[in-house]
Amino acid sequence: MAAMYPPVATDNKYSVVNELLATRADAICREAVKNWPSVKEIGLLGGKAGIALLLAYQSKLFPRKSFAKSLSDCLDDLGEALSNVELGYNMSDGVAGIAFVFQHLRNIDILDKGQDLNLSMLDEFIARGADRDFQTGNWDSLHGMAGLGIYFLERNRENREKKHLEKIVDYLGELRLSKGNHRVWKTPGYTSYNKDTYNFGMAHGMPGVLSFLAQVHLRGIRQNEIEGMISSCLSFLLEKQYPDGRTDCFPMAIDVDANEKQDRIQSRLGWCYGDLCMVNALIHCSKALHRPDWLAKAMKIAFKTISRSLEQSDCNDPYFCHGTVGVAHQYHRLYQFTNHNSFLYARDRWIGFTQNYLSNPGEFVGITDSHYRVEEMETIEFSQRFSLLEGMTGIALVYLSVLSGIKPDWDIIFLTNV
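Start counting the sequence shown at 1; every next residue gets the next number (the numbering used here).
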């Protein structure tokens with residue numbers, strides 16, 4: 001019987017790998033549907049909205065596998081939640097993330113654009129959230145104002161509306177602080193967990209904001225202002241690059257009040273932190289400002305990361321946020337961007353690491369969400385969690401991206417859409 005998936009390569013090695021990924025993505029989707037009623041969170045990164053996004057891509061890529069009805073039921077539940085549940089406005093677990101799913105499915109022709117989904121009304125609610133984030137200084141791309149901007153970038157693909165993106169750019173400009181000759185963003189500390197920092201991560205740091213701003217610039221919005229913001233901040237980040245001789249290139253963060261010449265621990269490799277965050281930001285900014293030197297810098301850093309071992313990368317789980325599949329996805333995107341086989345090799349290597357984390361001799365191979373050692377009993381325990389950021393949903397979406405060979409446009413959520 002003919003395979004039900006579009007292979008990324010035709011040799012036997014890739015046929016076997018594709019069959020495995022297709023089987024596991026399908027199994028994750030089926031488990032997600034079965035467990036949908038027990039998933040308590042409704043939001044995009046940790047709950048039901050993320051599962052709906054996964055089912056949409058599964059239905060689009062594998063229409064013969066009959067997930068369309070499950071997707072429709074999921075979307076009905078999300079629409080009802082918007083009407084009946086008191087939700088916050090943010091992208092990670094609030095209204096903006098749920099609205100993103102509906103808009104994204106319109107943009108990829110799964111939902112009818114003629115259907116009235118009250119998104120314009122939601123826009124105003126989310127825009128008021130940006131006002132609140134400005135008042136509290138909450139600018140980051142995971143839970144803050146830049147995350148709301150990602151939603152409005154998705155909306156802009158259909159309605160070409162600029163006013164909300166203009167406001168967010170203006171707010172981000174006002175939230176910068178002076179650091180020497182630069183204007184940068186400071187990440188607030190979290191009680192006793194960490195101090196205020198100049199953060200080099202994608203989730204809560206400056207690379208995420210720069211990647212967002214660069215994409216706003218490419219829409220022809222506030223270009224002069226954004227050029228100044230990118231140039232000032234990116235030059236500050238590049239000044240902090242480590243000298244040759246280390247396996248990493250940039251710190252994860254620098255304490256605002258610390259001596260910047262202090263010895264620093266090796267930074268991890270992941271989506272949330274690490275050198276690939278700077279790679280993404282440099283590529284986005286090079287596209288927007290037509291800076292081939294930034295692109296060359298990005299490629300040099302990206303190639304250097306390939307040599308890092310799993311142990312050197314501090315990836316202790318398979319998930320998207322700070323685990324192996326997030327790294328695999330970024331190499332997949334770099335391969336699509338450059339068509340360079342080194343990134344194809346790196347992608348497949350990190351997919352392999354992910355599979356190793358998910359090895360389970362039980363009935364549902366690849367479904368278990370967590371595995372960890374209980375030291376006292378010297379056993380491995382497993383649990384399930386269907387989360388886009390830190391669970392099986394994100395893993396399955398990456399698998400589908402590898403299988404399809406198309407650009408995974410859903411990943412604007414993570415600003416890895418280079």
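Keep in mind that the hints were calculated from the coordinates and are not lab data. Note that beta-carbon positions come from the ideal geometry of N, C-alpha and C, so glycine has one too. Watch out, some of these pointers could steer you wrong.
As the list claims (entries may be wrong) - 20 Å max Cα-Cα, derived EDC-like pairs, lysine to aspartate or glutamate:
#	residue 1	residue 2
1	Lys167	Glu225
2	Lys407	Asp73
3	Lys60	Glu80
4	Lys162	Asp76
5	Lys162	Asp131
6	Lys60	Glu41
7	Lys167	Glu227
Unchecked claim - Between beta-carbon pairs, the in silico distance windows are:
#	residue 1	residue 2	range
8	Lys163	Asn107	37 to 47 Å
9	Lys34	Arg291	43 to 53 Å
10	Arg160	Asp73	38 to 48 Å
11	Val256	Ala68	17 to 27 Å
12	Glu80	Arg132	19 to 29 Å
13	Leu295	Glu239	15 to 25 Å
Structure-based check of all given hints:
1. Lys167 / Glu225: The hint holds at about 12 Å.
2. Lys407 / Asp73: violated (26 Å)
3. Lys60 / Glu80: violated (24 Å)
4. Lys162 / Asp76: violated (29 Å)
5. Lys162 / Asp131: It holds: about 16 Å lies between the C-alpha atoms, which stays within 20 Å.
6. Lys60 / Glu41: Distance of about 25 Å is beyond 20 Å: violated.
7. Lys167 / Glu227: Roughly 16 Å between the alpha carbons, so the hint for Lys167 and Glu227 holds.
8. Lys163 / Asn107: 37 to 47 Å: For Asn107 against Lys163, whose Cβ atoms are near 20 Å apart, the range 37 to 47 Å is violated.
9. Lys34 / Arg291: 43 to 53 Å: With Cβ atoms ~49 Å apart, the hint holds.
10. Arg160 / Asp73: 38 to 48 Å: violated (32 Å)
11. Val256 / Ala68: 17 to 27 Å: Check failed, 51 Å falls outside 17 to 27 Å.
12. Glu80 / Arg132: 19 to 29 Å: holds (25 Å)
13. Leu295 / Glu239: 15 to 25 Å: Holds: the Cβ-Cβ distance is about 19 Å, inside 15 to 25 Å.
Hints 2, 3, 4, 6, 8, 10, 11 from the list above are not met by this structure, while the remaining hints are.
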